[in-house]
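Throw the hints in and build the complete structure from the sequences for me.
The sequence shown begins at 0 in numbering that gives the first Met the number 0 and counts up one residue at a time.
Fair warning: there could be bad hints in the mix.
[To be verified] Below are the DSS-like pairs computed for lysine-lysine, each with C-alpha atoms no more than 27 Å apart in a straight line:
hint, residue 1, residue 2
1, Lys365, Lys376
2, Lys389, Lys350
3, Lys220, Lys40
4, Lys126, Lys246
5, Lys33, Lys220
What the hints contain is simulated information worked out from the structure, not anything from laboratory work.
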Amino acid sequence: MSKTLKIYIGILMLLFAGITAVELSTPVPVNWSKTFNEKHKIPYGTFVFYEELETLFPESKVQDITVTPFEYFDDYYSWEDSSYFTTGTYILIDEVNQIDNTSAQELLDFASFGNDIFISSTNFPYKLLDSLGFGVRNQFEKDGRTELTFTNPTFASDSITIEKSVSNIHFTEIDTLYTTILGYQKFADSTYANYIKTSWGDGYFYIHLQPLAFTNYHLLKNDNRKYAAAAMSYLSDDTIYFDSRNKIGSELGSSPLRYIRSQPPLRWAWNIVLLTTLLFMIFNAKRKQRVVNVIDPVKNTTVDFTKTIGNLYYETKDHDNLIDKKITYFLEYIRRVYYLDTQLLDDKFVKNLSLKSGKDQEDVKKLITQIVYLRAKRNCSEANLLQLNKAIEAFYTT
0 MSKTLKIYIG ILMLLFAGIT AVELSTPVPV NWSKTFNEKH KIPYGTFVFY
50 EELETLFPES KVQDITVTPF EYFDDYYSWE DSSYFTTGTY ILIDEVNQID
100 NTSAQELLDF ASFGNDIFIS STNFPYKLLD SLGFGVRNQF EKDGRTELTF
150 TNPTFASDSI TIEKSVSNIH FTEIDTLYTT ILGYQKFADS TYANYIKTSW
200 GDGYFYIHLQ PLAFTNYHLL KNDNRKYAAA AMSYLSDDTI YFDSRNKIGS
250 ELGSSPLRYI RSQPPLRWAW NIVLLTTLLF MIFNAKRKQR VVNVIDPVKN
300 TTVDFTKTIG NLYYETKDHD NLIDKKITYF LEYIRRVYYL DTQLLDDKFV
350 KNLSLKSGKD QEDVKKLITQ IVYLRAKRNC SEANLLQLNK AIEAFYTT
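Structure below.
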């Protein structure tokens, strides 16, 4: 072993020892990120609430929703008799709006068949605001301290006070014909509605505006868990569909290094491995690779290029990408040939396209409905792609 190599090894060992000493002497900082993640035990995770669901609903089974509500409940919908194969209560606790308008419509349909929808959030999709007839506003308050109460005298002793990172988000309007106020929040000397129950079809929507009340920090403080229990007591004891923050295909869930990066000791070890590898490459930069033969490039003709791209998509089975491109090209064709706006694919658009193209309105409606469905669907199959391609080609040629 050469003297230089011994020096490098000694430096790396001292570096490793220094990093280890610093890590062991540094206290772990509290993570105050508002994740609302049911797997997180940090202050603003919802681990405690999620674990207590079976206690709050002893007769219920908890099902995690790891896709969008549209994708989940659409699989339970019967197109033959326009009903659902399942019943239960949908629960979402999140400060940021995670529901798109397509999923919002699915929740409206699910509630109309006698099911409950509970959403505790500070932001809502336009579809819910418009359909349920309520509005919210975030009003600045100097004193970030509020008292949460219920209108039901039975829960008079279940009032709590929360005072950390609280915003005065309250209802500015509600549909009084179908809506009941279940709870209030008090800032200073002013009281605002923050929990409502509104009917939709045969079911109900429960809208709550302080999701922080269901986080670990507030549930474990004093006797605050009684507030969450009272809020949940309005819901039916049926299957619980909990909308998880851990969606399939999310960035956090797909990273192979997510756990290593989340643990400081492992993160430092990983960085040291990368550093030593880099040093090894620097001091062993001699050419040791054999001569690489020159490969003639593939002829860039139109037919060969098309075949290459086609084979690429066929091998990767990237049906979602192909479906997206087919829809994009088709809508561009509609705009270019028939001068129609394709932003909103509603009944009016179907009627105008049928009149301008001379196609049967029922056939056009089936094609547009299929396009809207596939736009919202994730992980499309080869059958979906073939059906879409057949429908579009029929539109071109018929």
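Structure-based check of all given hints:
1. Lys365 <-> Lys376: 16 Å, holds
2. Lys389 <-> Lys350: Holds: Lys389 and Lys350 sit about 21 Å apart, inside 27 Å.
3. Lys220 <-> Lys40: Answer holds: Lys220 to Lys40 is near 14 Å, not above 27 Å.
4. Lys126 <-> Lys246: 22 Å, holds
5. Lys33 <-> Lys220: Cα-Cα ~17 Å, so holds.
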